[in-house]
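Engineer: From first to last, the protein sequence lines stand for chains A and B. Quick note on numbering: my numbering labels position 440 of the first sequence as 467, and the sequence is numbered without any gaps. Quick note on numbering: my numbering labels position 20 of the second sequence as 727, and the sequence is numbered without any gaps.
No wet-lab data here; the hints were simulated from the structure. A virtual CB, placed ideally from N, CA and C, is assigned to each residue, including glycine. Where hints are given, some of them may not hold.
What the hints assert, rightly or not - Here chain A is said to cover these stretches of chain B; the calculated rule only asks that three of the stretch's residues, wherever they fall, bring their Cβ under 8 Å from a Cβ of chain A:
1. 794-803
2. 845-858
3. 959-965
Said to hold, decoys possible - Every beta carbon over 10 Å from chain A, so not counted as near; a handful from chain B, in silico:
4. T710
5. R720
6. R744
7. E750
8. N762
9. S776
10. D791
11. T807
12. N864
13. G869
14. I882
15. K883
16. D889
17. A931
18. H953
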Amino acid sequence: MKSGKKIPRTQPPEQKPEVRRHNFQEVSLGYTPAMAQLEASRCIQCKKPKCMIGCPVRVHIPEFIDLVAQGKFLEAAEKIKESNSLPGITGRVCPQEDQCEKHCVVGIKGEPLAIGKLERFVADFERLHKSGDSLIQTQPTGKRIAIIGAGPAGLTAAGDLAKMGHEVVIFEALHQPGGVLFYGIPQFRLPKDVVEAEIDYLRKLGVEIKVNYVIGQIKSLDELMKEEGFHAVFIGTGAGLPHFLDIPGENLNGVYSANEFLTRVNLMHAWEFPRFDTPIHPHKVIAVVGGGNTALDAARTALRLPTTEKVIVLYRRSREEMPARQEEIQHAEEEGIDFQFLTAPFEFRGKNGWLSQIACYRMALGKPDASDRRRPERIPDSEFEVKADAVIIALGSGVNPLIAKSAEDLQTDSKGHIELADEDINVTSKPGVFAGGDIVTGAATVISAMGAGKKAAQGIHEYVMKGNH
Amino acid sequence: MYTILEKENLAPRVFRYIIQAPDIAKKARPGQFVIIRLDETGERFPITISDMDSNSGTLTVYVQAIGKSSLEMSELHDGDSILDVVGPLGNASEIAKFGTVVLVGGGFGIAAIHPIARALTEAGNHTLSILGARTAELVLLEDAMRKVSSEVCIVTNDGSSGSEGLVTDVLLQKIKEGIPIDRVIAIGPLVMMKSVADLTRSYNIKTTVSLNPIMIDGTGMCGACRVTVGNQMKFACVDGPEFDGHEVDFESLFNRLNSYVSEEYEARQRYIQDTQDKEPCRLEASSQTVSSS
Ligand SMILES: Cc1cc2nc3c(=O)[nH]c(=O)nc-3n(C[C@H](O)[C@H](O)[C@H](O)COP(=O)(O)OP(=O)(O)OC[C@H]3O[C@@H](n4cnc5c(N)ncnc54)[C@H](O)[C@@H]3O)c2cc1C
Ligand SMILES: Cc1cc2nc3c(=O)[nH]c(=O)nc-3n(C[C@H](O)[C@H](O)[C@H](O)COP(=O)(O)OP(=O)(O)OC[C@H]3O[C@@H](n4cnc5c(N)ncnc54)[C@H](O)[C@@H]3O)c2cc1C
Ligand code: SF4
Ligand code: SF4
Ligand code: FES
C-alpha cells in the first residue's frame, strides 16, 4: 500500500482565462508524465474499489492507475480499453465528480483521485506515442450489422462488433461522424482531432462509415434488413430535437437554439467565416437561457466569437442547482461570463425584426419537485429587461421522429423514446433491431451512451450468432 | 462524392444539373429536397428535387445563381463532383385524386411544381398549371409542363410570353370563370405564395405552399428552419416543406429569411471579386455561350 494521502491532488496546467476566452484551443493542457505519476501515486489501491461502482462501464480503475504510477502508460491504455474504447473522450467530458471520483475513498478526507484527468492523459499518450494500432485479427463471421447514427453509442457498438468479426456499416445523417461529440461539444473542451482519431481507428478496424444517409428517409429499417441484407440493426440516433421556450418573440432574428448556434460554429466552422461559407451574425451581447452543459458550451462558445462583448447566462434556479459540471461552471466564471440566477424569460422583444430586449421575471425557490431540486416560482411584479442582441435557448432536447415514423412496429413511449424489450441486451420490440443512447434514455451522458452501445453489441452478437439470421 | 453528369444553362443565372445519386434517386418523391455541400469549406443549402430516375440513378435539380454557394455551383461542369448530397429530405407531396388542381409555379418554383404536376395528372386529376415569370426567357420547363398538365397558362410581368400580369391575375380569372377548383398548389417566391394564399382564402380553396426557410442540417436537429403554421412552431425540414398556405405566418418567415442578408452579400461580393481576379466574367461568358446555342 502506498501512503500518498498527504500529496495534494495534482492540477494540470490550464490556459489563462483572459487568453483562452479569445481562442478555441483546449482549456486544460493535461498532465505531463511526471504529474500523472505523482497523481497516480495517491491511489491506495483499494481491495474493493468503490470508484468502479461509480463508473457506468466499470473501467478497471485501480489497475490502470497502478500502471500509470509505474510509468507503463501504454499498458494503462490497454487496461482502460478493456471496458472503455473512447478514453480520450470520456476522460474529458464524463461528469467524474458525480461518477467514479464521487466514490473514491481518498475523497472522504481529502480530494478524490483525478481519475478522469489520468484517463485523458493515458489516452493522449497512447495517441501520440503508439506507432500503429495492434489490430486484433478476428475470423469474419459473415454477419452484416447496420449502425444508425455515429454518436458515442453507435461508434462504441460499431467498434465492439467489428472486433467480434462482423461486417459493420454506420449510416450517419450529417456529413461528419461523431454526433454531439462533433457538432455539440466545442473544441476548447474536446478537440476534434481526439474524436477524429477514434473514428479513424474504427475505419482501420474495417468499419464502413456512410455519411449523408438519413435513415427513415433514404432507407427504412425493413429495407436495411430485407433488401440490404443486414442481419441486425442498432439505432443510436440521439436526442437531437431542440426545445424552445414557447414564449412570444421566438421567431425574431437573433434567437437561436443551442443546437443551431453550436452546429454553425462547431460543425460548419462559422467562427472561420468567410474562409468557411456558413456565417454567424456578428452579435455583441449574447444571452443564454439554461443551466446545463449545453448552456455553458453555448455561452463559452459565444464568448469566443470575435465581435462578442458580453455573455449573460439566464438560469431560473440558483448556482447549486445547475446541472452543468462544476468544472465548466468554474471555467465559465473565470472567463467572465455573467450569471443571472433565479431569472426566467417570458418574452423576447425586438426592433426591426431583430432581438433587442429579453423580458424576465425574478424567481424564488420553493419546495423540491420531482427532480429533487427546489422548484422555481415567479416573484410577483418582478419584471425587468435584459438588453441583448442574441439569445441562445439551451433547454435540452427531445427525440427526432424520423426513424420511428418509418417503422410502425417499433415501440416508442409518449415522448418518442424507443422502448427496449430487454434492457440487458438493449433489444427493441422489433426483431433484430437494437437501440441505445439518448434515443432510449433521453438526453444523458457520453459514457452512458457508450455503455448502451456496448451492451447492445453483446446482444447483437448473441442474436446473429445463434439463429439463421 | 456525387458526379454532375450534365449541366445546362437554361436562362440567365438558371442552371439545370443531372446528378448521379442512385440511393436518393430510388427513394425520392415529388415535393422532397436534397441538401448540398459543394466542398470542405462549403455551407449546406437545400435544393428541390425536380426529377428523379431510379433506372439511371440520377436526380435533376434547377439552381438559380444568386449568392455565393449557388454562384460557385454554377462554375461546376459536366464530370465535376459535389462533396455532399443528402436526401431525400422533407415529406413528399400529397398525391391523390382531388378533382381539379391548379398548380401555380413562379420562377424556378416551376421546377418544383413539375414532378408534382406529373404525379397528380397520373393520379387522374385535371391539372391546370399556371406558370409565371418576370419575362419570357425565365419561364422554365414550358414544354415539359405541357406534357404533364391537362392545361397550361403562361403569364409574364412584361407580357413577353402568355398574358401580361401576375399569376394571381390568371388564378382569379379562372376562379371567376366558375371552374370548380378542388386544390391549389403554389410554389415560387414567398411573396407569390403569400398572394396566392390570400386570394384563395377568400374563396375557401385549400392551398398548399412549399416553404424555403434557411436550413442547416435538414434533419430536425437545429431549429433554424422553424416556421409558424397555425400558431404552432413547425420545422420545415421534417414537418414540411409543404404546409397549408392559409395557416402560414408569412411575415415572420420574410423576416427570418433576411437574417443573413449582409453576410450573404459579403460572401457573394468576395466570391465575385475572387473569381473575376482569376478570369473575368466567367459566369456571364458561360451563360451567353450556352443560351445562344
Ligand atoms: C452541447 C452538449 C454538451 C454536452 N456535454 C456533455 C458532457 O460534458 N459530458 C457528457 O457526458 N455528456 C454531455 N452531453 C450529452 C452527450 O453528448 C449525449 O448524451 C451523447 O452524445 C449521446 O450519444 P448518442 O450516441 O446517443 O447520440 P448523439 O451523440 O446525439 O449522436 C446521434 C447521431 O445520430 C445521427 N442521426 C440522427 N438521426 C439519424 C438518422 N435518421 N439516420 C442516420 N443518422 C442519424 C445524428 O446526426 C448524430 O450524429 C452534451 C450534450 C450536448 C448537446
Ligand atoms: C426546401 C427548399 C428548397 C429549395 N429549392 C431550391 C431550388 O430548387 N433551386 C434554388 O435555386 N434554390 C432553392 N432553394 C433556395 C436555396 O437553398 C438558396 O437560394 C440557397 O441557399 C442559395 O445559397 P447562396 O449562397 O447562393 O445564396 P445566399 O447568399 O444564401 O442568398 C442569396 C439571397 O437569397 C436569399 N435566400 C437565402 N436563403 C434563401 C432561401 N432558403 N430561400 C429564398 N431565399 C433565400 C437571401 O436572403 C439572399 O438575398 C430552396 C430552399 C429550400 C429551403
Ligand atoms: S469512463 Fe468516466 S466514469 Fe468511468 S472511469 Fe472514466 S471518467 Fe470515470
Ligand atoms: S477508490 Fe480511489 S483510492 Fe480506491 S482504488 Fe479507486 S481511485 Fe484508488
Ligand atoms: S434545418 Fe435544422 S431543423 Fe430543419
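Engineer: Next step is simple, just say for each hint if it's right about the structure.
Structural biologist: Comparing the hints with the structure gives:
1. 794-803: holds (count 3)
2. 845-858: violated (count 0)
3. 959-965: holds (count 4)
4. T710: Check passes; 14 Å lies beyond 10 Å.
5. R720: R720/B clear of chain A: closest Cβ-Cβ about 19 Å, beyond 10 Å.
6. R744: 6 Å, violated
7. E750: 4 Å, violated
8. N762: 17 Å, holds
9. S776: 6 Å, violated
10. D791: 5 Å, violated
11. T807: T807/B clear of chain A: closest Cβ-Cβ about 31 Å, beyond 10 Å.
12. N864: 27 Å, holds
13. G869: It holds; G869/B is separated from chain A by about 36 Å at its closest Cβ, greater than 10 Å.
14. I882: 32 Å, holds
15. K883: Non-interface label stands for K883/B: nearest chain A Cβ at 36 Å, farther than 10 Å.
16. D889: For D889/B, whose nearest Cβ neighbour in chain A is about 27 Å away, the distance exceeds 10 Å, so it holds.
17. A931: 5 Å, violated
18. H953: Holds, since 19 Å exceeds 10 Å.
In summary, the structure is inconsistent with hints 2, 6, 7, 9, 10, 17 from the numbered list given earlier, while agreeing with the others.
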